[in-house]
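Sequence lines, in order, name chains A and B.
In terms of my numbering, the first sequence opens at residue 645 and continues consecutively.
In terms of my numbering, the second sequence opens at residue 66 and continues consecutively.
Worth flagging that the hints you see were computed from the coordinates, not collected in a lab.
Mixed in with the good hints there might be a few duds.
To be verified - Cβ-Cβ distance ranges computed for the label pairs, FRET-style:
1. B:N384 / A:A757: 26 to 34 angstroms
2. A:E687 / B:R361: 21 to 29 angstroms
3. A:G703 / B:G458: 54 to 62 angstroms
Using N, Cα and C, we set each Cβ at its ideal position, and we do this for glycine too.
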Amino acid sequence: MLNPSKSIILLAGMVLGLLSCGKDHNDTGTEFAPNMYNSVGYEPMTQLQGDTNKINPLGMNMRLPVAGTVSRKMYSGVDSLKKSFLSQELVSKTIPNDSISYSEALLNNPLVATPENIEAGKLQYERFCQHCHGETGKGDGPVAKAYKGIPVYSSDALKTVNDGHIYHTITHGKGRMWPHGSQISSQNRWKIVLYVHELQKQ
Amino acid sequence: MFCKKSTLVTFLFSLALLFATASASYSQDAAEGESLFKNNCAACHNTSDEALVGPGLKGISERRPIEWIVSWVHNPQAMIASGDQYANDLYNKYNKAAMTPYPNFTEGQIKGIVAYIDAANAAPVAPAAGAAPAAVAAPAAAPSSGGMMELLLVGLLIIMVLVLIALLSIVNTLGKLSGTDTNDSGKPFFQALSENVKSLAANSAVKTGMIVLVLLLGGKATIDAAYGIGIQQGYAPEQPIKFSHKLHAGEYQINCNYCHTGVYEGKGGNVPSANICMNCHNAIKRESPEIQKIYRALEKNEPIQWVRVHNLPDLAYFNHSQHTNVGALECKSCHGEIEKMEVVEQRSSLTMGWCIDCHRQTDVNAKGNAYYDKLVEVHNKDSKTPLKVQNIGGLECSKCHY
Chain A
645 MLNPSKSIIL LAGMVLGLLS CGKDHNDTGT EFAPNMYNSV GYEPMTQLQG
695 DTNKINPLGM NMRLPVAGTV SRKMYSGVDS LKKSFLSQEL VSKTIPNDSI
745 SYSEALLNNP LVATPENIEA GKLQYERFCQ HCHGETGKGD GPVAKAYKGI
795 PVYSSDALKT VNDGHIYHTI THGKGRMWPH GSQISSQNRW KIVLYVHELQ
845 KQ
Chain B
66 MFCKKSTLVT FLFSLALLFA TASASYSQDA AEGESLFKNN CAACHNTSDE
116 ALVGPGLKGI SERRPIEWIV SWVHNPQAMI ASGDQYANDL YNKYNKAAMT
166 PYPNFTEGQI KGIVAYIDAA NAAPVAPAAG AAPAAVAAPA AAPSSGGMME
216 LLLVGLLIIM VLVLIALLSI VNTLGKLSGT DTNDSGKPFF QALSENVKSL
266 AANSAVKTGM IVLVLLLGGK ATIDAAYGIG IQQGYAPEQP IKFSHKLHAG
316 EYQINCNYCH TGVYEGKGGN VPSANICMNC HNAIKRESPE IQKIYRALEK
366 NEPIQWVRVH NLPDLAYFNH SQHTNVGALE CKSCHGEIEK MEVVEQRSSL
416 TMGWCIDCHR QTDVNAKGNA YYDKLVEVHN KDSKTPLKVQ NIGGLECSKC
466 HY
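The whole structure should be built from the sequences, with the hints applied where relevant.
Below, the structure written as C-alpha cells:
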C-alpha cells in the first residue's frame, strides 16, 4: 500500500501547488499597448517608474504653485461674494500665525448665516473637523483620545470667539492644532466658521 | 463559610462608608467645579497625577497656594512674564505651551474646581483594584475571507485525497478477494497504478475525452488571460510607508476628504502632502520607524513616492468632482470598503463595461440642481423611467474618449 512518507510528500506538493496560484499583489498584470495607457502630457498625479521630469525640481511631474500667487479659482470677477472671499483671504495671508488678535479685528465672514450656509458648513465640519473636535464640538472625536488637548467650543474661553478668531485658527493653527489652510478652500473655511458658531451655543 | 461571609460584609460596609464620606465631602462648590473642569480644563488636564497636555492636577491644593492658582488661571502669560519661578518652570517643562487664560472665572469657581480635583482623588480606588486585569489577550485576528477560502480548498483537497486512497485500497482488497488479479497482489502500489493508467490511456474514448477536456480548459484559460489584459483589479501594491487606511479611515473615522483634498473639487483624488500627515503626527507615534520616514522626507524636502493604486488609462477621461460632488456618489461605491483595508486594493475592475453598467443604471442626481430642471422636464415628456446618466450622454464615446 501507499507508504505514509510518500503520501505526505504527495499532499504537501498538492497544497503548495494550490497556494502558489495566488496573484502577486505588487503586479499590475499585462498591459496592452502601454503607449495608449500612459499620458504623453505631464499628469501631476502620475509618475512612471524611471521617468524623470527634466523641467521640474526633483524630477517630479507635480510642482508647487509659485510663492505668493493666488489660485485662479479665487479670481475676483463681477461676483461680489467671490471678491470678498479673495480680499479676506489676502488679508488673512498677510497676518502672521501668532497674531490671532489681528484676525479677530480685521476678518469678517463674507457668508450670511442662512440655514443653507450653516448646513453646508456642517458638511465641511464633518469632513475636516469632526474626527478631532467631535460631533458637537466637545473635543471628543475618535482622534481626540490619541491626540489630546482638544478644547470644548462651548467652554468659557471659546464660546464667544468671533469669525476672525475661528478662521485664523483653521488657517494658521493655534496651540496644538496645526494649520489647515492648505487643505480647505477659503469658502469652505468660512462655511465651517458658521457651523462652529452654532456649536459654541451647544 | 459563615466567617468568610461576615468578612465580606464588613468589607462591603467599609466600602460603603468610604463612599459616603467621599460624597459628604463632595460639596456644592465641587459639583459646580466638576462641570467647569470637564468643560474647560479636561482637554488638557487630568484630575490624577498623569500628565496630559498640561500637568496632572492631583494634589494641586497642596502644591500651590490658592492665591497662586487663582492668578495663574486668570492670566498665565502675565505670571510667566512677571518672572514667577514656578510658573516659568512649568511653562518650560510642558514644551512652552501656554495655557488658555480664564479671566472670567471667579475665585469661588476656581476654588470649586480645586475642590472637585481633591474630591475626585479622595474617591476610593477600591473598584479599580477589583477590576479585571488590564492585560487581556487580544483575540486572534480572524483570517480574511480570502484566507478562509484557501483553507477550505486545501481541506477539501485533503479529504479528496484521503477518499481516493480509501477507494484504491478497497479496489485492491476487492481484487484480491475476487482473485482476478492475483498477479498484481505482489506489485507495489505505484507500479499497479501506472499500469492501470496505461491501460486507460489506450482506450480511444478516454483519449478523445482527455483531448476535449484539455482543449476546453486551455481555451478557457486563454480567454480568461486575454480578458485580464489591462485590468488591474486586486492590485494592492506595497507602499513606501506602511500607512493603514483601516486605522485612519476606519478606527479614527477620518474623512477621505481630509487627506484627499481634491476629491470634491477636481479631477484627481490627490495623494496628500506630508504636511497633512504632520497635522497629527507632530505629536502621535513620533518614535515609530514608519513615521520617521515622513520626518526624513520633510527634512530633506523630498517627495514620498507613494505607489498609485488606481490607474485609469490615459485614453479614458475621469473626473472625481463630477461623480462625488455633482453625482453625490460615495467613495466606497467605486473604491470598496477602504476603511477595512490595511493595504489599499483596487476593488472595482475599472473597465469600460463597468463604467457603462453604472451609467445605465444610475438615476441622475437632479434634485435641487436647477441645471437639470429643463432636461428632466423634456425627458419626462416621452419617458416613464427616471432620467438616467445614459440619457444625458453617459454613453457618448466622446464624453470620456477624446
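Cross-check of the supplied hints:
A hinted range of 26 to 34 angstroms for the beta carbons of N384 of chain B and A757 of chain A is consistent with their spacing of about 32 angstroms. The hinted window of 21 to 29 angstroms between E687 of chain A and R361 of chain B holds, with their beta carbons roughly 26 angstroms apart. Between G703 of chain A and G458 of chain B the beta carbons are some 39 angstroms apart, a value that contradicts the proposed interval 54 to 62 angstroms.
Taken one by one, the earlier hints fail for this structure only at number 3.
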